[in-house]
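S.K.: Sequence:
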Amino acid sequence: MSDWAGLAWLVVLLLGNAFFVGAEFAVISARRSQIEPLAERGSRSAKTALYAMEHATLMLATSQLGITICSLLILNVSEPAIHHLLAAPLGLTGWTEATVDVVAFVVTLLLVSYLHVVFGEMVPKNLAFSVPDRAVLMLATPLVWVSKLFHPVIVTLNWIANHIVRLFRVEPKNEAASTFTLDEVATIVNQSRIEGVLTDASGTVAAAVEFTDKKAADIAVPLADLVTLPEQTTPAEIERAVAQHGFSRYVIVDDAGVPVGYVHLKDVLRAAEGADAATDVTRTLAPKRIHHMVPVTATTDLEDALALMRRAGRHLAQVRDERGETTAVLFLEDIIEELIGEIEDATRRRR
1 MSDWAGLAWL VVLLLGNAFF VGAEFAVISA RRSQIEPLAE RGSRSAKTAL YAMEHATLML
61 ATSQLGITIC SLLILNVSEP AIHHLLAAPL GLTGWTEATV DVVAFVVTLL LVSYLHVVFG
121 EMVPKNLAFS VPDRAVLMLA TPLVWVSKLF HPVIVTLNWI ANHIVRLFRV EPKNEAASTF
181 TLDEVATIVN QSRIEGVLTD ASGTVAAAVE FTDKKAADIA VPLADLVTLP EQTTPAEIER
241 AVAQHGFSRY VIVDDAGVPV GYVHLKDVLR AAEGADAATD VTRTLAPKRI HHMVPVTATT
301 DLEDALALMR RAGRHLAQVR DERGETTAVL FLEDIIEELI GEIEDATRRR R
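Heads up: the sequence shown begins at 1 in full-length UniProt numbering, then just goes up one per residue.
Since the hints were made in silico from the structure, they are not lab data.
There may be inaccurate statements among the hints.
Listed below are the simulated BS3-like cross-link pairs for lysine-lysine, each with C-alpha atoms no more than 25 Å apart in a straight line [said to hold, decoys possible]:
| # | residue 1 | residue 2 |
| --- | --- | --- |
| 1 | Lys47 | Lys173 |
| 2 | Lys173 | Lys148 |
| 3 | Lys288 | Lys266 |
| 4 | Lys266 | Lys215 |
| 5 | Lys47 | Lys148 |
| 6 | Lys148 | Lys125 |
| 7 | Lys125 | Lys47 |
Can you make the complete structure from the sequences, with help from the hints?
M.R.: Here it is in structure tokens:
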């Protein structure tokens, strides 16, 4: 092989090494949320990128195999060519042939190492980290093709690696993680606000992040602070309670003061309809008008309590302690206020 052919192979192998390094970091750094919309619109490169992200361990094995082969060949291909090109000028120094060989090898090693680390490793790594979504769209397709070309070898190597990992009682994962922890999201939101990238004047974004940290007991109303009505209440008494307190929902309690359900203002309106409305409003409210509350514990996550109330179609939930006793009531309105701010009851606005 001629000296110039050796230098040409050096460039080719550096580019190959850079490709595998960039593809490796792009696959593990790209965000699935940014790629999926493109795939849904029919982008073939996005679909291939998703495949690569879903088979991350195979893609990493392909990248590592390519990096290893390129790294081993770079010095073997380039050393003779660069050594021969340096031998002539170094021979003019009058050094012995052995000294010239040693100096030429050291210079070649330093030069090739510099080119390999900077252009074959650091530059593609930094590019892939800076624009991971664009990088994975460009590099995933050729990487997948290489993985299919050497599929038997890569699958075997990956199988061996996974079994070695399991010896350390760690379960290997095939898909690259593309989610953020709650603390990471909070940090991103806070940093974005500081840098002026995110405007959150109403505090809704910050409230949504803090929302997932709260429990039912954090915003539930203790029984002692509730405006309650007895089981034998009448529509007329509910109307008077609305006029006095302005709330649209009231907790119904038994003789022992334990909540058994709740009643909504619209239940009173239904009872006041029809020809017998005058007498119906003075009769005890029918049990069917009392809505049961969703049972939750004091330590139930607020988002879980919200999900339970939505599935049951209830606006109130009973908050129970570790002994199963009801200690407070959780209102849907208070949960929503944690996300979007203060909400005024419609009946109180009319007052």
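S.K.: Output the numbers, in ascending order, of every earlier hint that fails for this structure.
M.R.: 4
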